[in-house]
Amino acid sequence: MNLYDRVMRQLNQVADLMNLDPDVQKILSETASEVVVNFPVRMDDGRVEVLTGYRVQHNNVLGPFMGGLRYHQAVDVDNIRALAIRMTWKRSMIGIPFGAAMGGIQIDPRMVTAEELERITRRFTYSLGTNIGPEYDIPCPEMGTNPQIMAWILDTYLSTVPPQERNRCKHVVVGKPLALGGCPGREKAAGQGLVFLLERWASDRGFDLSGATFFVQGYGNVGSWTARLLCRRGARLVAVEDASGAMANPDGIDAEELAAHVRRNGLISGFANASPLGHEAFLKTKADVFIPAALETQITEETAPLLDVKVMAELANSPTDEEGDAILRARGIEVLPDILCNSGALIVFYLEWLQNRRSETWTLDDVDERLKRTILGAYDNVLQTAKKHATDLRTAAHVLGFSRLENVYKKRGIFP
Amino acid sequence: MSSFRQAAELMGLDADIYSILAKPANEIVVHFPVKMDDGRVDMFTGFRVQHNNALGPYMGGLRYHPSVSLDTMRMLAAKRTWQCALLEVPFGGAMGGIRLDPATHTLTELEQITRRFVFALSSNIGPEYDILAPDINTNPQIMAWILDTFSSTSPPQERQRCTHVVTGKPIEAGGSQGREKATGQGIVFIIQKWASDRGFDLKGATCILQGFGNVGSWTARLLAPLGMRLLAAEDITGAIAGPDGIDPEDLMAHKRRHGSIFGYPKAEKVEHEAFLKTEADIFITASMENQVTAETASLLRVKLVVEGANSPTDKAGEAVLLERGVDLLPDLLCNSGGPIVSYYEWLQNRRGDRWELQEVDSRLHQKILAAYARILEAAERFKTDWRTAAYAVAMTALEKIYKERGIFP
Numbered sequence: 456m457n458l459y460d461r462v463m464r465q466l467n468q469v470a471d472l473m474n475l476d477p478d479v480q481k482i483l484s485e486t487a488s489e490v491v492v493n494f495p496v497r498m499d500d501g502r503v504e505v506l507t508g509y510r511v512q513h514n515n516v517l518g519p520f521m522g523g524l525r526y527h528q529a530v531d532v533d534n535i536r537a538l539a540i541r542m543t544w545k546r547s548m549i550g551i552p553f554g555a556a557m558g559g560i561q562i563d564p565r566m567v568t569a570e571e572l573e574r575i576t577r578r579f580t581y582s583l584g585t586n587i588g589p590e591y592d593i594p595c596p597e598m599g600t601n602p603q604i605m606a607w608i609l610d611t612y613l614s615t616v617p618p619q620e621r622n623r624c625k626h627v628v629v630g631k632p633l634a635l636g637g638c639p640g641r642e643k644a645a646g647q648g649l650v651f652l653l654e655r656w657a658s659d660r661g662f663d664l665s666g667a668t669f670f671v672q673g674y675g676n677v678g679s680w681t682a683r684l685l686c687r688r689g690a691r692l693v694a695v696e697d698a699s700g701a702m703a704n705p706d707g708i709d710a711e712e713l714a715a716h717v718r719r720n721g722l723i724s725g726f727a728n729a730s731p732l733g734h735e736a737f738l739k740t741k742a743d744v745f746i747p748a749a750l751e752t753q754i755t756e757e758t759a760p761l762l763d764v765k766v767m768a769e770l771a772n773s774p775t776d777e778e779g780d781a782i783l784r785a786r787g788i789e790v791l792p793d794i795l796c797n798s799g800a801l802i803v804f805y806l807e808w809l810q811n812r813r814s815e816t817w818t819l820d821d822v823d824e825r826l827k828r829t830i831l832g833a834y835d836n837v838l839q840t841a842k843k844h845a846t847d848l849r850t851a852a853h854v855l856g857f858s859r860l861e862n863v864y865k866k867r868g869i870f871p
Numbered sequence: 009m010s011s012f013r014q015a016a017e018l019m020g021l022d023a024d025i026y027s028i029l030a031k032p033a034n035e036i037v038v039h040f041p042v043k044m045d046d047g048r049v050d051m052f053t054g055f056r057v058q059h060n061n062a063l064g065p066y067m068g069g070l071r072y073h074p075s076v077s078l079d080t081m082r083m084l085a086a087k088r089t090w091q092c093a094l095l096e097v098p099f100g101g102a103m104g105g106i107r108l109d110p111a112t113h114t115l116t117e118l119e120q121i122t123r124r125f126v127f128a129l130s131s132n133i134g135p136e137y138d139i140l141a142p143d144i145n146t147n148p149q150i151m152a153w154i155l156d157t158f159s160s161t162s163p164p165q166e167r168q169r170c171t172h173v174v175t176g177k178p179i180e181a182g183g184s185q186g187r188e189k190a191t192g193q194g195i196v197f198i199i200q201k202w203a204s205d206r207g208f209d210l211k212g213a214t215c216i217l218q219g220f221g222n223v224g225s226w227t228a229r230l231l232a233p234l235g236m237r238l239l240a241a242e243d244i245t246g247a248i249a250g251p252d253g254i255d256p257e258d259l260m261a262h263k264r265r266h267g268s269i270f271g272y273p274k275a276e277k278v279e280h281e282a283f284l285k286t287e288a289d290i291f292i293t294a295s296m297e298n299q300v301t302a303e304t305a306s307l308l309r310v311k312l313v314v315e316g317a318n319s320p321t322d323k324a325g326e327a328v329l330l331e332r333g334v335d336l337l338p339d340l341l342c343n344s345g346g347p348i349v350s351y352y353e354w355l356q357n358r359r360g361d362r363w364e365l366q367e368v369d370s371r372l373h374q375k376i377l378a379a380y381a382r383i384l385e386a387a388e389r390f391k392t393d394w395r396t397a398a399y400a401v402a403m404t405a406l407e408k409i410y411k412e413r414g415i416f417p
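Chains as they are written, first to last, in my numbering: chain A, 456 to 871; chain B, 9 to 417.
Next comes chain B alone, as it looks inside the complex (with noise of 0.2 Å):
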């Protein structure tokens, strides 16, 4: 909560709209059981967090973990109400999960406790009230599930105005073109617009990079036909560096056959120190939290840190950045193109409506750049970091729209 409360502080949020705010609005927890392909019933536990719906229905990830909690379920239920309303998507924040380990499950298993997940939660979720979206280990098959067991429990003359219940389906069950690279291309487009802005040429610069799921790849993909090197790529086996340039879309070929970068035979293994080390122009994270500290801040040789991980950078790594002249691009900004596109996804099933690939990436454009310019602005405004001045703008919409509708009854 340190990065609100200081941008809370700093425009002088009205007090009953911070207390509202420091809390999220529904907490729900469900045990349900579910029976298992050898006839046992068990019991599993899932959550949803339903941050606030001042802006709009609220909408956030699903996420099947060992480590779900209600805390971490609340941090990111909350942060996403930042993004959109930084965003002028009109949704709020939710967050939800399963506490499992997929792995130790059949796909009928799966399949079993999704749809068991989604009937408990029966009416607190819904196309106009909470919209569920792919997060760690999520994926357009879940979300088709989810879809299915939604509209067999809606009403038949309803079934086909639910199909906007869930974002991130495949194509074919409702899905929007471009959903995948979402994330990556946002990315792309801000690292584009820093650059232009700093009068920098793409063409021939370089980047590191730390995961390489699908924000990671897709973001390495997409910035290699720019004229971008990636020098070095990092992911939970290790890390490997090419000197002279690592080749994305071959990397992804080797990840599909090896399910991750290790061993990929054009590049050298290195050490996680040499890693960060790397001299190039662009750090991007795309893997887990609390990466760059204090301690790693200090090795990265690069002008900018793109943070397409969620809360890559602790307090004091970014004060170590800002002290050293590196620019941040906040994460809050950075990660914002999956929740662009799904909302792009749940406008075209509401509507009934299918859109190419590319209206999908110039809208995507438009708003991010929008986003990006806000946060320009108000940094300039309030003469704070990049991050600081995300959190403030979606603060100053949050605001605006309590001061308007103030507090029933």
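Chain A with its partners taken away, still in its complex shape (with noise of 0.2 Å):
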């Protein structure tokens, strides 16, 4: 089954569950808009490339359009609905006035120059038009782009409105430079939100973070920034796995450490301080807290019985399938989901945006504060909302999602 076809079934589920309005369930299973364009770019060599980019908008009853943007060969249409269609549920979810867009270019981003790439992005944004806009769809970095390239889009959509509104539309795109009105605290955003989680989950269950053991699946910028924050916090590292394997320590890997390794070397292999381990073995690790931050799909039917912890809290999107969700519960094994986990970055976007259109800088502080009053806020709204409908966390956050969106529509009505 493909991803459109998982958040599909996803959206059928639970709106049997809930007794969604039949026509509200009919708009959020169609996206609103997708836009293909066909754009030539000047290559290095003085050829033209025709390349090929989208943006799917699915939904903006609750606010502007708004999602990642991803440079990479196999961006296809149906993938880019899927992600789009899941991100509005996620917003209505956590409670943030944003509608859901994700777009995209087919390119393998390691296969241009850096002009090359800036010249690409300049003629998306471009191309793109009226379609995006800081009141209207708003991207943001995704696979494959980052703050630089952010900042180019930013500078072409200044350079194609009217000088006396350009500064109003600083907010067009945001996980931006910081220099270019860009948020303090994105970089350990989603890793910041999930340890406010796993404090308050700890706490409602007069359990304490520090001295906790964890281990996580994957090491790149989410992975590591969950891993370093949860250490300050006195939690101790007994395992991580990435692309080149896997890793054990019992008595505590450095995380500052093995950050500054993997900055160096690219992935984790020949760290010193800790012994290799089996998949299966890192798995079976004993620990309080398992953190999966890599890839989709690897708690499954097979997988599910080797967990040996209290809880699994989902970094990365759909790392469970079905099966294994269902092992887990069966286990007693407390699953945080995905949808509220990685929000952390999703709200620090929202709150780079927030800044921009008030002309604000914000402290450090100042985000924290708020990224944890959010992210708490939504916890304890899907907490309540699986008590009323005795489900998981996972279906009540959805419950949530959906019925905001229900109840927007019911007010508005449909136009004309």
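For the record, the hints were derived by calculation from the structure and aren't laboratory data. All the given hints hold, so there is nothing to weed out.
Computed beta-carbon distance windows for the label pairs:
1) 755/A / 298/B: 43 to 53 Å
2) 585/A / 417/B: 11 to 21 Å
3) 819/A / 27/B: 39 to 49 Å
4) 531/A / 267/B: 40 to 50 Å
5) 30/B / 532/A: 13 to 23 Å
With the Cβ distance kept under 8 Å, some of the chain B side facing chain A (calculated, not the full set):
6) 28
7) 32
8) 33
9) 120
Every residue, glycine too, gets a C-beta built ideally from N, C-alpha and C.
Could you use the hints to bring the two separately framed chains together as a complex?
Okay, structure coming up:
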């Protein structure tokens, strides 16, 4: 089953559970607009290449469209559609006044020079024209894009609006470099959000994170920040895995040193103070918390019985399939769902947009405090919804997201 | 794309410009909810493909049909780009539509669907950006709804400046004199020119006609006063023949009453093959695609085939006609009367002006014959057929502007 089919299935299951209005279900099942642009770019050798870019806008009933821009050779509309649809629910669940969009260019960014990448980005922005805008659709970094690319988008967009309006348009894109109106704390945002959630989860259970043990799958930006922040809270990183393999140290791996090692070498392999481990042994690691922060569909019928933890916090997108989920539930392992756990980045994008819109610059403390308040507020609402519908947190998070969307449609009606 | 590729090779089109023109600039798909008469919400899928705007704003038809797809829209949008470049009409090509069967909807639903589609397209259309026009199953009433919705979503001070967001409007809503008959009128001007170039007298000449919708019926009605006789006609209900000539005004009156040419009492019913075999001077196609194929082309007994329809002749059919020495006036030229008068409607709205029918007709005459002359000149220069020559003229214009303007940034 591809991602799009999975997302549709999830939508239909939750809609049945909560008796979602069929008209609203129909609307949420489809994207509002899908824009495909074919644009010419002059390459370094003087040749013109015609590239294909996408922007899929799912729903903006809660606020402007907003979502990632992916540069990848395998970008296709079906996948982008699914990601956009899922993000609408997420925003609604967290309570952020954004709708969802997702876009990208079919290109391998490693195959072009920096100058070409800049021209590609600028010409793509130009082609999108009024289909993006600070109060209409706001792109942000995703796979294959970064703050530099966001800066080029900003510059191109501003250059195409009248001079008097330029300063009002800085929030056309978020995830910008700090100097251009980016937000402090953006890099650690996803990890920070998860740490706030885990602190709360622990305190609700009279359990102290200090001295608790955890292990992480994936040690990129998200995984490493989470590990570093948890270690700073006194927790112990006992095992870690990435594309190069797994390693363990029951006495604790120094998360900061490992992060420095990955910055230098790209992967965790070759790190001195831990011993290598097989994948199965890694999953069997006895600890309090397991954090999948890498790939999709890691916890399945086969791997779910191996876990020996109290809670699994899903930082990656969809790391658990339906069968894996059922097994964890049966075994009494709690699951903090991805839709909640990895919302830190989204919340901080929203805070960047807010600051630009108000011409303000917040400190890291301001940002952290607001992030904490927002993510814990969402957590409380999800817990209440789960209780009310006697269901798990994942389903509850979706019910919460859908019921807000349903509410807005019922109040606003269908124009004309 | 094969005529495009053939012409590009013939004229040596720049490879960079070829790759730009080979794909549409933008493809927009919108899914929008509409409240039906019974209170239920239905989702609809609408398209707008914008091929190229190097020569001017996008411009093109809007089709309501169950078969509407991105692929047909792409093909038709590109064709409109070539057509505008050939005609020296300062527009680029676009095409759009909604996937629906209008027969299954009430008039109120059709209005709601149209309005919600325009709302969903939002700033992707506009009087100086992308201009809509009628196509299959859309008409002046639908164009009027589009205008009303677009204006209503623009700021009050700008509303009167937006009348040219759509053409083919009813006269009172800013439509142009002569828009309804425009395609037929264009065909007649071309046939007159073709005849005079050959020293051929249209008075007493004969024709057969496939399709009796807007284009076919207007062509026949405008040819009759020139002394031409309509020997046979065909539409979706079948073919009829009248060896002494069918009166197109009378046939039109029959169609208004009965919806089609079926059962017309003053002519006899004939089979499709017999219709095609009718001996006449001119065959005018004004219905579906791919009607003239290798098989049917060999049946025709005419001097000239006029492509009033879009792509009525396939490659094999064209080869047979050329081999047999039958002249073929290509669709790019023949069905350009509509787009030309749409351009005049746009110009009038933009200037706040109103032209008399005579002015519209005389400008149409001038414009379409100038394009005809360019095709003949290019056919001579490149030693090629008229269709390929028409594409070559269009591509030369597009290549020129790309070379002059360059590629941003």
